[in-house]
Amino acid sequence: MFRNALGKTFRFLGYTVQYGCIAHCAFEYLGGVVVCSGPSMEPTIQNSDIVFSENLSRHFYCIRKGDIVIAKSPNDPKSNICKRVIGLEGDKVCTSNPSDFLKSHSYVPKGHVWLEGDNLRNSTDSRCYGPVPYGLIRGRICFKVFTVPQIFALIHL
Amino acid sequence: MFRNALGKTFRFLGYTVQYGCIAHCAFEYLGGVVVCSGPSMEPTIQNSDIVFSENLSRHFYCIRKGDIVIAKSPNDPKSNICKRVIGLEGDKVCTSNPSDFLKSHSYVPKGHVWLEGDNLRNSTDSRCYGPVPYGLIRGRICFKEQPWRLKH
Numbered sequence: 001m002f003r004n005a006l007g008k009t010f011r012f013l014g015y016t017v018q019y020g021c022i023a024h025c026a027f028e029y030l031g032g033v034v035v036c037s038g039p040s041m042e043p044t045i046q047n048s049d050i051v052f053s054e055n056l057s058r059h060f061y062c063i064r065k066g067d068i069v070i071a072k073s074p075n076d077p078k079s080n081i082c083k084r085v086i087g088l089e090g091d092k093v094c095t096s097n098p099s100d101f102l103k104s105h106s107y108v109p110k111g112h113v114w115l116e117g118d119n120l121r122n123s124t125d126s127r128c129y130g131p132v133p134y135g136l137i138r139g140r141i142c143f144k145v146f147t148v149p150q151i152f153a154l155i156h157l
Numbered sequence: 001m002f003r004n005a006l007g008k009t010f011r012f013l014g015y016t017v018q019y020g021c022i023a024h025c026a027f028e029y030l031g032g033v034v035v036c037s038g039p040s041m042e043p044t045i046q047n048s049d050i051v052f053s054e055n056l057s058r059h060f061y062c063i064r065k066g067d068i069v070i071a072k073s074p075n076d077p078k079s080n081i082c083k084r085v086i087g088l089e090g091d092k093v094c095t096s097n098p099s100d101f102l103k104s105h106s107y108v109p110k111g112h113v114w115l116e117g118d119n120l121r122n123s124t125d126s127r128c129y130g131p132v133p134y135g136l137i138r139g140r141i142c143f144k145e146q147p148w149r150l151k152h
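Taken in order, these protein sequences are the chains called A and B. Heads up: the first sequence begins at 1 in UniProt numbering, then just goes up one per residue. Heads up: the second sequence begins at 1 in UniProt numbering, then just goes up one per residue.
Think of the hints as simulated: they come from the structure by calculation, not from any bench. Just to be clear, a hint being listed does not mean it is correct.
From chain A, some residues computed to sit far from chain B (all C-beta separations above 10 Å) [said to hold, decoys possible]:
no.: 1; residue: F52
no.: 2; residue: P77
no.: 3; residue: E116
no.: 4; residue: R121
Covered stretches of chain A (chain B as the covering partner; in silico rule of three or more C-beta atoms under 8 Å from a C-beta of chain B) [stated by the list, open to error]:
no.: 5; region: 16-22
no.: 6; region: 32-41
no.: 7; region: 106-113
In silico DSS-like cross-links for lysine-lysine, where the CA-CA straight-line distance does not exceed 27 Å [said to hold, decoys possible]:
no.: 8; chain 1: A; residue 1: K110; chain 2: B; residue 2: K144
no.: 9; chain 1: A; residue 1: K144; chain 2: A; residue 2: K110
no.: 10; chain 1: A; residue 1: K110; chain 2: A; residue 2: K92
no.: 11; chain 1: B; residue 1: K92; chain 2: B; residue 2: K103
no.: 12; chain 1: B; residue 1: K110; chain 2: A; residue 2: K110
no.: 13; chain 1: A; residue 1: K78; chain 2: B; residue 2: K92
no.: 14; chain 1: B; residue 1: K103; chain 2: A; residue 2: K78
no.: 15; chain 1: A; residue 1: K8; chain 2: A; residue 2: K65
No experiment lies behind these values; they were computed from the predicted model shown. Note that the Cβ used here is the ideal one computed from N, Cα and C, for glycine as well.
With the hints as extra help, turn the sequences into a complete structure.
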């Protein structure tokens, strides 16, 4: 009786670990749904929008200028950021604020990318923390699944 | 006949994907064996030494000063580096070379670590490319396999 219960528990744990690993690898190598929060990518991505992020591009090193990517934050490894790639390694980027009188430029170092939010007035990005190492990129956003107004419309139906 | 072969192929692929995913997660979350190359960590780790790297510490944010870590290279995302953690975020580190007359110091920014090889004369590390974001760390080396060497 006890042996049966123990056997069932182990089998259950075995299946959980098995399917957990497969799900994790699917998210890691294929992609997944992400909820974005914050105003830094408005109007492209609003606060609480749901987007689909694919993770193959970063493994094949095909991230292009203009892509919107999700990356680990350089200042806080526990959180993620969602910004647009403005410059790849070797590109010349403008590092000064739009309001500055004197413009300053620099080149993106090897192995790094320059990220900026679409909402330049309200975004902490590479203009604050500098170029971001490519190794921190987690995935590339390919399309929006739902926006908040659409969800409200569905609920009210 | 053909349907049998197709069924067997799919079952085989299914098992391969299944066990591949489990193996990947074991390496990702538990640890694995790594071969180190290069002279930057001598004499602690020699060229071609085999070490065991555990990956739990970085997920629980327990990397300590003095640990030897494996991280993605900031200059080349396709390769890894193996260095010692000299400073954590907020620590004061010396950024000048030992041969410089004037010493310069700086503080490690939030979310970063300062990495240096044990073989200071022959190591490209944070003294060249600056503090490394914590997110690039892959694992912590816990022990070295003792190689069988024939002593003459």
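Each hint, compared with the structure:
Non-interface call for F52(A) relative to chain B: holds, since the shortest CB-CB distance, roughly 21 Å, exceeds 10 Å. Listed as outside the interface, P77(A) is inconsistent with that label: its C-beta sits roughly 4 Å from the nearest C-beta of chain B, within the 10 Å cut-off. At the 10 Å boundary, the C-beta of E116(A) stays outside the reach of chain B, the nearest C-beta of that chain being 18 Å off. At the 10 Å boundary, the C-beta of R121(A) stays outside the reach of chain B, the nearest C-beta of that chain being 23 Å off.
Coverage of the region 16-22 of chain A by chain B holds in this model, with 5 residues showing a Cβ closer than 8 Å to a Cβ of that chain against a need of three. With a threshold of 8 Å between beta carbons, the proposed coverage of the region 32-41 of chain A by chain B is violated, since 0 of its residues qualify and at least three are required. Interface restraint, the region 106-113 of chain A with chain B: holds (4 residues with C-beta to C-beta distance below 8 Å; minimum three). Proposed proximity of K110(A) and K144(B) is contradicted: the alpha carbons are some 32 Å apart, above 27 Å.
The straight-line distance between the Cα atoms of K144(A) and K110(A) is roughly 31 Å, outside the 27 Å bound, and the hint therefore fails. Annotation: proposed proximity of K110(A) to K92(A) holds, straight-line Cα distance about 12 Å (limit 27 Å). Pair hint K92(B) plus K103(B) holds up; C-alpha atoms about 12 Å apart against a cutoff of 27 Å. In summary, the hint linking K110(B) to K110(A) is supported, as the alpha carbons are separated by about 22 Å, within the 27 Å threshold.
For the given pair, K78(A) sits about 23 Å from K92(B) by alpha-carbon distance, which is consistent with the 27 Å threshold. Of the pairs offered as hints, the one joining K103(B) and K78(A) is violated, with about 34 Å between alpha carbons and a cut-off of 27 Å exceeded. Of the supplied pair hints, the one linking K8(A) and K65(A) is violated, its CA atoms being roughly 52 Å apart against a limit of 27 Å.
The structure does not agree with the numbered hints 2, 6, 8, 9, 14 and 15 stated previously, though it agrees with the rest.
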